[in-house]
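Chemist: Top line first, the protein sequences correspond to chains A and B. All residue numbers for the first sequence refer to numbering that gives the first Met the number 0, where the first residue is 0 and numbers rise by one. All residue numbers for the second sequence refer to numbering that gives the first Met the number 0, where the first residue is 0 and numbers rise by one.
Be aware that a few hints might be false.
[Claimed, not checked] Pairs of lysine-lysine residues, derived as PhoX-like cross-links and limited to a Cα-Cα distance of at most 25 Å, are as follows: (1) A:209 - B:181; (2) B:502 - A:346; (3) B:181 - B:165; (4) B:181 - A:388.
[Unchecked claim] Quick list of simulated restraints, FRET-style, between CB atoms: (5) A:424 - B:339: 42 to 50 Å; (6) A:433 - B:226: 24 to 32 Å; (7) B:69 - A:419: 57 to 65 Å; (8) A:332 - B:428: 29 to 37 Å; (9) A:424 - B:67: 51 to 59 Å; (10) A:232 - B:417: 29 to 37 Å; (11) A:130 - B:334: 47 to 55 Å; (12) B:290 - A:433: 23 to 31 Å; (13) A:433 - B:468: 48 to 56 Å.
No lab work stands behind these hints: they were computed from the structure. Bear in mind the structure is a predicted one, so any value in this text is a computation, not a measurement. Glycine included, each C-beta is placed from N, C-alpha and C at the ideal position.
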Amino acid sequence: MIELPANSINQMIIHPSTAAVRPFAVAAILRDITFTQERYQSFIDLQDKLHQNIGRQRSIVAIGTHDLDTIQGPFHYEALPPKDICFKPLNHKKEYTAIELMELFSTDSHLKHYLHIIQDKPVYPIIKDCNNVVLSMPPIINGDHTKITLKTKNVFVECTATDLNKAKIVLDTIVCMFSQYCAAPYRVEGVKVVSPDGSYLMHPELPYRKEIVSPKEINKSIGISEDASSIASLLTRMCLPSVIIDNGQSLEVEIPPTRHDVLHACDIIEDVAIAFGYNNVNRTISDTNCVAEQFPVNKLTDLLREVIAAAGFTECLTFALCSREDVADKLGKNIKDIPAVHIANPKTLEFQVARTTLLPGILKTVACNKKMPLPLKLFEISDVILLDKTKDVGARNQRHMCAVYYNKVAGFEVIHGLFDRTMQVLEVPNNDYKFIPVDDAAFFPGQCADIMVRGQNIGKLGVLHPDVITKFDLNMPCSVFEIDIEPFL
Amino acid sequence: MKQKSLTYILIAINIYVNAVCEEAMAELSEKLLTILSERNEFDTLDLSIELQFDHQRLVGAVKSLQSLGDVITCEQRNSKQWELTDEGKEIAEKGSHEALIYESIPLEGINQNELLGRVPNGKVGFSKAMSLGWIQIDKAAKDGPRVTKKVEAIEDGVKEICQLVKNFQIDKITEQQKNECKKRKLISEVKIVSYFVKKGNDFKTSVSKQEIELTADMIASGSWKDKSFKPYNFNALGLPPASGHLHPLLKVRTQFRQIFLEMGFSEMPTNNYVESSFWNFDALFQPQQHPARDAHDTFFIAEPEEAHEFPMDYLEKVKTVHSIGGYGSQGYKYDWKLKEAAKNIMRTHTTGVSARMLYQLAQKEKFTPSKYFSIDRVFRNETLDATHLAEFHQIEGLVADYGLTLGNLMGYIEQFFKKYGIKKLRFKPAYNPYTEPSMEIFSYHEGLKKWVEVGNSGVFRPEMLLPMGLPKNVSVIAWGLSLERPTMIKYGISNIRELFGPKVNLQKIYDNPLCRLDK
C-alpha cells in the first residue's frame, strides 16, 4: 500500500439507501499504470471471469473500473429511484434515464442477463463523483465519461456487492494482478470507504496471514519424509513464503492476499504435495482390515436378475426421470393421485417427475425395438421414487421388479409363469401368495389382479389395456407384472 | 434384426430343396454307375451331349458319387467350348435379325421407319439385309424411304450356324463364320471343367440313400449299423439357444461391485435419489453460493420442496464452519442460510451418502476403521450430448482410518485399477470443494497412445470431518469415477444412448459378451 498524507486520500461514501439493494462497496486506486493492448484486454477478461465465478454472474459482486483523471472524489455510492438516474452509458452517444436503459438493454445479448438483478427494485445503485458525474450503475453498466483507454494512467476500481467478503476478495485479486504494471510496481493506493453509520475502512485490506504448520504433520499426511527446510523451500516455490521456527519443529507460512483459497492447513499440505510432485510419493496400502458387507437389497437384486435372465427375459436399464404423462395419463391415471416427486426446473418434459413405476421405461424400450423378432421379453429390477413424509427428505426409493411380455398374443400365462418362478426361487410356497382380481385403468378389464404375498399387496399383474398400448406407440398385446421386492429381504 | 428369422427360413428352404434334389441326384448317380459298369469309363462332356443332359447336373451327380469314397475315380479336364449367348440362343430359335427384317416386308414394300419399328434390333437387321443384297431401298419415295424385297427367297445362314453351335456341332462351321458370330456377340468361349470318370476300387452299382440323423428307433433296433450317415456339415452355424440376457452396463456394475468386495469394502445404502442440499453440499463444505448449486446444473425439487429433519447439533456446527470458520479453518465468511440447505434436489453425487455414513460412524462410541463403496445413480441438469445424459452411475470408494496418507490413497487407487486391468497410473493436481489435496487419475491408453482421465480422488477436508465428530487424527480418503465411461470405452460405444435408456439396441444386448474387466 502506498502511504499518503491524510488529505490526499480519496474517499467513497456509502449512503444508507444502498442497503435495500446492494449494501457493500469497496474501492482502490492503481496509480501510474501503463496499459498496452494486451494488458487492457487481460484487464477486461479478468473482470469478466470474476463476474462469472465468484461474482455469480454479477449478482453477488460487480466490478467497475474508471479513468480517475476524468472524475473527482469524494465519490458517492447511493441508490436512487430509476427515474432520477440519467447518464450516458458506455459506448453510447446520448443520455438515458435508468428506465430507458432497462428498455434499451433488454435486447442486448450480453447485458440482458443482468437486468433482473435490480430491475424490480424501487431504487437502483448508482456511483457518482462530487460533481454528479456518473461512474456506473452497478451491476449493469459504466458511464461513458469514465471509460478507460490505452492512454489511461490512473484507475479507480470499485466493487459493489451483496457479500462483503467476496467483494474484498475480488478487489484484492484485481489490484494484486494489475499493480505490477504501475510505475511503482506492486503498490496500490488505498481508498477510504465510509459506511452509512460513519465508520470507515481503508481498502484494499490486502491481508497477509500467518499460519503455523508442523513439518512432521505434513510428512505424515502426505506419506513422505522431508526435513523442515526442504518443506519450507517447497512452499516458498508455491508462493507461500515459509520460514523455520521453533528449532525446526514448526514452519511459519505467510499467506498472501492472492491466496484466498488457503482456508486451512490442509490447503498448505496440498501445496507441499504438489511442489514435491504427486507422482513422486510412495504408493502404499494401509492395513485397514474390514470384512465387507453387501447392501441387502442390492444382493437380492443381483441374485434375482440372474434367475429372470435364465428364464429367457432380457434386462433393460431405463431413466428414473420421465414426463408426468408417462406415470399418469398414459396409464389411465390422474397425476394428482400419483405420489410422485416433481422436479422444479426441468429443461424438457422428459424430466418432469421421478418415476413411480418401471413400466413406462420398459414400454418405451419396446417401442424403440419394434423391428426385433417377437416375442419381446424384457425386465428391469431397479428403484422407483415415492413421496414419503416419514423420511427426512420427504421421499424414498423402493426396489421394484417389472417384467413385460410383448407378442402377437397376450401370453398372460408366460408372465404368470415367470411370477410363479420368482416365488419359487424366493421360497414362497404356492399357498402363501394369491391373486385378487381388481380393476385398474391401465389393464384390460377382467385381466388384472393384485398380488398378495402373505397378506401383503406387493404389486399387480395382468394384460395391458389397448389404450395404454397405443399411447406408448405399440401395436401388439402385452402382459406385465410389477412388484415391490423389498418385502422379501 | 431380421437376420435371425431370415436364417431360420433359409435353413428350412435349404432342407426342403436338399431333400428334393437328393432324390433326383440319387437317380442320376445310379444311372451313371450303370453306364460305368457297362463302359468302364466315360467323359462327362461327351456323355452330356450323348444323353442330351445338362453338363452341370451330370458333374453334380459325379461329385456326389465321389463323396461316397472310392466308388469312382475322377480326373479333371479343362477345355474350352463355344456357347451361344442369350442373343445367339434367340436367333437359333427365331431367326436372325436380317431374316426377320426380310420376312416383315410385304409385297408392295414398306416405309423404312415403320419397318424398323416392327422388328427388334431392326437397324442391325436392316444394314445386314442390305449388305447381303436381300432388300433394296428407294430413298426418293413419296412418303419417305421405301423398302422392298430384292430377292425371292433367302437362306438364313446365321440362324443355321447358331443352331449348329447349340447342337454341339461347332466343328461344322468355318473359322470365318465363327469370327463373324463372335463379333456379333452371338457366341462366347467358356471354360468347361469336365471329368474323365473310371471305376474305383470300391465300385458298386447301387447307391444307398444317406441318413442325416441318428434316431432313438435306430438305436433300439440296432438298424444304425446297416445305414450310412451323411457327415455333418460343420461349416454352418448351429441353432442359437433361446436365452435371456443381462444388460451390458449392469454387467460392468456387477464386476466393479466384485472388485470392491474383494478389497474388503462394504456397500453403502444409496437407495435415496432425493437428497437435501444439506447432505449433498453443505455437509461436504461446499459453500452455498457455489456454481454447482445453480439451477442449471442441479435438478431442484418442486415437491417435496424441502427436507424437514436434520441432526440439529451437527447442523449448527456445519453452519459455523461455513460462516465463521473453526476447526483450524478460516471458513467461507458468508451468511449461511438454513433455507438454502433445506432445498431438496436429485442428488448430484453419491458423496452425500458417504457423508451420512461418516456421520453415523462418528456417532458410535468408539471409532472403527471402515472401508465403504457405492455404485448408484446420480443426476445432473446439464446440456445433453452424445456422451452426456441427465442420469448416470457414479462409482465411489472411501477408507476412513487413523493416519491415512496421500500415498495410501494412491496405493488403494492403484490396487483398484489393477483389478480393472489398468497398470500405469499418474496423478495430477485438481480441485474439489470437499477434498484437499485433490487428484485427477490418469491412465495410459495403449490404443490412443495418450494419458486419459479415468477418475477423481482426494482427502476429505477437516472442515467436513471434524464437525461430524470424527477423531482428529482420522483421515478419510476417497476416489470415484463414472460407470458409463469405462463401459463405453470397453465396448467401443460412442453414443451413450445406445447403452442407457430406451433407445438401446436389443440385438446388442443379446450379443454382448462376458464382462471381463481385466481383459
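Chemist: Per the hint of 29 to 37 Å, is the separation of the Cβ atoms of residue 332 (chain A) and residue 428 (chain B) within bounds?
Modeler: The hinted range 29 to 37 Å is violated for residue 332 (chain A) and residue 428 (chain B), with Cβ atoms some 52 Å apart.
Chemist: Verify the CB-CB distance for residue 232 (chain A) and residue 417 (chain B) against the hinted window 29 to 37 Å.
Modeler: The hinted range 29 to 37 Å holds for residue 232 (chain A) and residue 417 (chain B), with Cβ atoms some 35 Å apart.
Chemist: Quick one, are residue 181 (chain B) and residue 165 (chain B) close enough, alpha carbons at most 25 Å?
Modeler: Within the cut-off at roughly 14 Å; holds.
Chemist: I want to verify a distance hint. Is the separation of the beta carbons of residue 69 (chain B) and residue 419 (chain A) within 57 to 65 Å?
Modeler: holds (60 Å)
Chemist: Take the C-alpha atoms of residue 502 (chain B) and residue 346 (chain A), compute the straight-line distance between them, and say whether it is at most 25 Å.
Modeler: holds (20 Å)
Chemist: If I claimed the Cβ atoms of residue 433 (chain A) and residue 468 (chain B) lie 48 to 56 Å apart, would that claim hold in this structure?
Modeler: Hint holds: Cβ distance 50 Å, inside 48 to 56 Å.
Chemist: Hinted pair, alpha-carbon criterion (25 Å max): residue 209 (chain A), residue 181 (chain B). Please report holds or violated.
Modeler: violated (104 Å)
Chemist: Taking only the CA atoms, is the gap from residue 181 (chain B) to residue 388 (chain A) under or equal to 25 Å?
Modeler: Violated: residue 181 (chain B) and residue 388 (chain A) sit about 94 Å apart, past 25 Å.
Chemist: If I claimed the Cβ atoms of residue 433 (chain A) and residue 226 (chain B) lie 24 to 32 Å apart, would that claim hold in this structure?
Modeler: Roughly 56 Å apart at Cβ, these two residues miss the hinted range, so it is violated.
Chemist: Does the hinted range 23 to 31 Å hold for residue 290 (chain B) and residue 433 (chain A) at CB?
Modeler: violated (55 Å)
Chemist: When you take the CB atoms of residue 424 (chain A) and residue 67 (chain B), is the distance between them in 51 to 59 Å?
Modeler: Since the Cβ atoms of residue 424 (chain A) and residue 67 (chain B) sit about 53 Å apart, the hinted range of 51 to 59 Å holds.
Chemist: Between residue 424 (chain A) and residue 339 (chain B), does the beta-carbon spacing fit 42 to 50 Å?
Modeler: holds (48 Å)
Checked against the numbered hints above, the structure violates hints 1, 4, 6, 8, 11 and 12; every other hint is satisfied.
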